[in-house]
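Chemist: Whenever a hint applies, use it, and build me the whole structure from the sequences.
Protein chains: 2
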Amino acid sequence: MNIISFSCPIMTKQKFGLTVKKEEDFSEWYVQVIIKGEMIDYYEIKGCYVMRPQGQFIWKCIQKWFTEKIEEAGVQECYFPMLIPKSMLEKEKSHIENFSPEVAWITKCGNEVLGDPVAIRPTSETIIYPSFSKWIRSHRDLPLKINQWCSVLRWELHGTLPFIRGKEFLWQEGHTAFLTKEESDEEVLAILDLYSRIYEELLAVPVIKGRKTESEKFGGADYTTSIEAFIPGSGRGVQAATSHFLGQNFSRMFDIKVDTDEGSENSSFVYQNSWGITTRSIGIAVMIHSDNLGLVLPPRVAMTQVVIIPCGITSSSSKDDAERLKMYIGKIQAQLKSSGIRVYVDDRNNVTVGFKFNHWEIRGVPLRLEVGFKDMEGAEACLVRRDTRAKRQISVEGIDQTVANEIDTMHNDMLARAISERDSRISYAKNFEDFISALDNKNIIMAPWCGIDECESTIKSRSTKLGPNGSVISTGAKTLCIPYDSKPCSGLECVSCGKQAIHYTLFGRSY
Amino acid sequence: MNIISFSCPIMTKQKFGLTVKKEEDFSEWYVQVIIKGEMIDYYEIKGCYVMRPQGQFIWKCIQKWFTEKIEEAGVQECYFPMLIPKSMLEKEKSHIENFSPEVAWITKCGNEVLGDPVAIRPTSETIIYPSFSKWIRSHRDLPLKINQWCSVLRWELHGTLPFIRGKEFLWQEGHTAFLTKEESDEEVLAILDLYSRIYEELLAVPVIKGRKTESEKFGGADYTTSIEAFIPGSGRGVQAATSHFLGQNFSRMFDIKVDTDEGSENSSFVYQNSWGITTRSIGIAVMIHSDNLGLVLPPRVAMTQVVIIPCGITSSSSKDDAERLKMYIGKIQAQLKSSGIRVYVDDRNNVTVGFKFNHWEIRGVPLRLEVGFKDMEGAEACLVRRDTRAKRQISVEGIDQTVANEIDTMHNDMLARAISERDSRISYAKNFEDFISALDNKNIIMAPWCGIDECESTIKSRSTKLGPNGSVISTGAKTLCIPYDSKPCSGLECVSCGKQAIHYTLFGRSY
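Those protein sequence lines, which keep their order, are chains A and B. Take the first sequence: its letter number 390 is residue 390 in full-length UniProt numbering, and every next letter is one higher. Take the second sequence: its letter number 504 is residue 504 in full-length UniProt numbering, and every next letter is one higher.
Read the hints as simulated data drawn from the structure, not as lab findings. Any given hint might turn out to be false.
Remember, identical chains collapse to one label, so a pair may be satisfied in a single copy or spanning two.
[Claimed, not checked] Calculated cross-link-like contacts (lysine to any residue; reagent style SDA-like; alpha-carbon spacing at most 20 angstroms):
hint	residue 1	residue 2
1	Lys145	Thr67
2	Lys209	Phe26
3	Lys64	Glu24
4	Lys209	Pro483
5	Lys337	Glu71
6	Lys442	Val351
7	Lys36	Phe269
8	Lys64	Arg348
9	Lys108	Ser87
10	Lys430	Gly476
11	Lys337	Asp347
12	Lys46	Asn111
Modeler: Here's what the structure looks like:
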């Protein structure tokens, strides 16, 4: 098995833009955007990536926002080991079935061969729940809510793609235990709501909330809820985060129970949830917002929100003039900084102004302030938006407020565009011909569906596109989720098998 | 090889205090303190531990403080993969020699055996530097300063101890590259200074700065600097953090260089540093400050800084009275909270006040406010310090300021006590008899030393304590560091070999 990738491009200084257009070759475009935008870099092992500061910054924004919210709900942060003994990993049957093909095993340490191999966590249910069993004795120990930020390892062999599917990725995993099913159910949705807010309020990405079908749910869960996003460039859906109701499946296996009646022998197993969001979120935002000039960062989470570029200084400018402009820019920079805006002044003197424009555009910096002598005389600056490239003169008076407002406006505009693009690409299909034609037009599809497992597989195989020699050109449509706010479908027939439909379900090709 | 520990104690609710005294059995006392204080829990794999919220909180405080400081110095946060191909790990010879006995290898994924095993990072030099080689082209790309927070895996077989030495532990690792040796040297010490401030300003622990001897330096470094702490309970020194000057050792191996003269073919290899601090810091603070009642947390980093305990409510108290006391306490709580003090009200009605005192003492909460009816009538509360158990009545007027001051006073007192205890246990030894007797009295030793490798090993073996059957009772003294502010030793003889001494060196048994 060849795990070393020989295809890592050598990064040289990015003097030039993208060599391919988003609408022509989406996959190649995406990879160029994140590499040239310095979000990620390739690594010697295929499916492992280096997260560069611009990418890591967005993850830190998500961490900060989400941690504040869950702390308010009483969640505490822990760190559990990354290693799992085989016996523990195999305790919950459907769980291990789900993960076993992807689990990486340590069998050797130094020169010594281990008697019992240990796994690297693909997820931590089986690592954490033995502790829950020790810590939970009485109902007073409930609810127990913990969270950890870490990386997990899943040995994906096919279809690795930076941010979207990698062998190792960063995530948070929350694990909670409740006395009652009601509290547990309620939290599943409360967390799903926080996840949707991460996408909408930080990344300017709209998502659809729903429940996963039986065949798509998490191994070991009673039910799984998810948020699903849409990638217009590829016409694919993408799972954006999940929140699982585990019921009593793990609590029975790991003996996590409370004495319900103090002193008596009655005891009951707790109800559990687990929930996670990963750095895939960053890839989704990049795929949706970026363009043929490169990265377009959602302005609230951009490491640099504003770049200031001094203009009009030439070799014939007097030293005095240059100094005055520098001071003028310094004042603007200080004003923005004091309002908490992340600003950078590109005062390099070895490259042209045009070079700087390209440099920051390909790196997705949301706002550019061009400041020349004329701007200075008028106590102004020229503000340019990365997404629309719209330019306008703004006054230096209250410039921090103007820029802060522009950040919000830009965010709202980006979200609105993404919603309208997505909504125009959700097709309602009455029959399978409509279904296939919508799919081929890079849509995702809302269709009445019977809810039967076999029908789901049939839809997948019926919509798989084969080449003349029988090879798969394009995998078939999967169920993305059963959206919570879909219209009723009583009386309608299943889009594929013709049996009675029980709910509108969202289908699509997906990552 | 038995990696599963059968000695994990089952945690039951901690109704009782420690069963052993610090001065009687330090090791057992330490383990009880961190387990019963809910800092850490055992895990099914020996040498791996569960970091509970109280422990994780301290780590987050360190993260926040240090991140702010290094960001000011231009360090950016990244995340690099945890996996290393064998060929990369082996590129720098002295580096791999240093780590190879402890490296864990993945050889199997799912059911597939890997052609090339991959290692889990024991440290990330060899993971990160190929990227440095790609990213650094010209002197304008320098300095390059990155940092990551992650866990690393070192398969320690012997002497694992929670926080102090584990198979997996959390740390940060900074990696920087400079054009000149001078800049590099300067940063090594600047970082060492930040590390010493983490200990002194957050954990109330004094440390000694110095340089490691040749035999104790990091594999692949030109020189290693460290801070060393002292554990009075065991009489041992402990390495508290390290900052390495790697010189051009890695830059030559990984081809990290810049064109010094644009356009010409001259190029020079960069100078590199790497530096790290781990969760061992938390264990050191626990060992130094805690006592026979349990944990004593340094007050600036305690998850709960103040616990308020309502007193005097009995079954005969009127409902009105109880309600008034509750409101009074609520106001105090709000006032403390609004000043950023982390406060918790223990209003359980199923346990006694005495039970609550013990509960919070064993968990190390720095300050306790006892609030009863008499306190309320006098607009007062009774403030009790965890470290000294000193009690005093304080006015509710300005209580937030009073408590904030007490937090600082307590911090300063704890640091002063630790300094005075340590200083009284640093012995200056003129000859080897003094050296051994100081060591046996649980001291660390400043001794004139020749600086010769062989002499260092001799000192270790000469000071190893053997039992009647030849088994090792106590390992010998190692060099901890060559302190930066030690007095000159010109004209003195080496404490062991009698050759000319070149510097006072700090020796001790160590973790």
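Chemist: All hints, please: hold or fail.
Modeler: Results of checking the hints against the structure:
1. Within a single copy, lysine 145 and threonine 67 get their C-alpha atoms as close as 13 angstroms, which meets the 20 angstroms cut-off; across copies the closest is 27 angstroms, which misses it.
2. For the homomeric pair lysine 209 and phenylalanine 26, neither the shortest alpha-carbon distance inside one copy (26 angstroms) nor that between copies (54 angstroms) is at most 20 angstroms.
3. When the C-alpha separation of lysine 64 and glutamate 24 is checked against a cutoff of 20 angstroms, the pair qualifies neither within a copy, at 37 angstroms, nor between copies, at 44 angstroms.
4. In the homo-oligomer, the alpha carbons of lysine 209 and proline 483 lie at most 20 angstroms apart inside one protomer (6 angstroms), although the nearest pairing across protomers, at 60 angstroms, exceeds that limit.
5. For the homomeric pair lysine 337 and glutamate 71, the shortest alpha-carbon distance between copies (15 angstroms) is at most 20 angstroms, but the shortest distance inside one copy (28 angstroms) is not.
6. Taking the shortest Cα distances, lysine 442 and valine 351 never come within 20 angstroms of each other, neither inside one copy (42 angstroms) nor across copies (63 angstroms).
7. In this assembly of identical chains, lysine 36 and phenylalanine 269 lie within 20 angstroms of each other by CA distance neither inside one copy nor across copies; the values are 52 angstroms within and 25 angstroms between.
8. In the homo-oligomer, the alpha carbons of lysine 64 and arginine 348 never lie at most 20 angstroms apart, since the shortest distance is 33 angstroms inside one protomer and 32 angstroms across protomers.
9. Taking CA atoms no more than 20 angstroms apart as the test, lysine 108 paired with serine 87 passes in both settings, with 18 angstroms inside one copy and 17 angstroms between copies.
10. With identical chains, the CA atoms of lysine 430 and glycine 476 are at most 20 angstroms apart within one copy only, with a shortest distance of 18 angstroms there and 81 angstroms across copies.
11. Taking the closest pair of Cα atoms, lysine 337 and aspartate 347 come within 20 angstroms of each other only inside a single copy of the chain (17 angstroms); across copies the shortest separation is 44 angstroms, beyond that limit.
12. For the identical chains of this complex, lysine 46 and asparagine 111 are inter-copy neighbours only, at 19 angstroms across copies versus 26 angstroms inside a copy, given an alpha-carbon limit of 20 angstroms.
Hints 2, 3, 6, 7, 8 from the list above are not met by this structure, while the remaining hints are.
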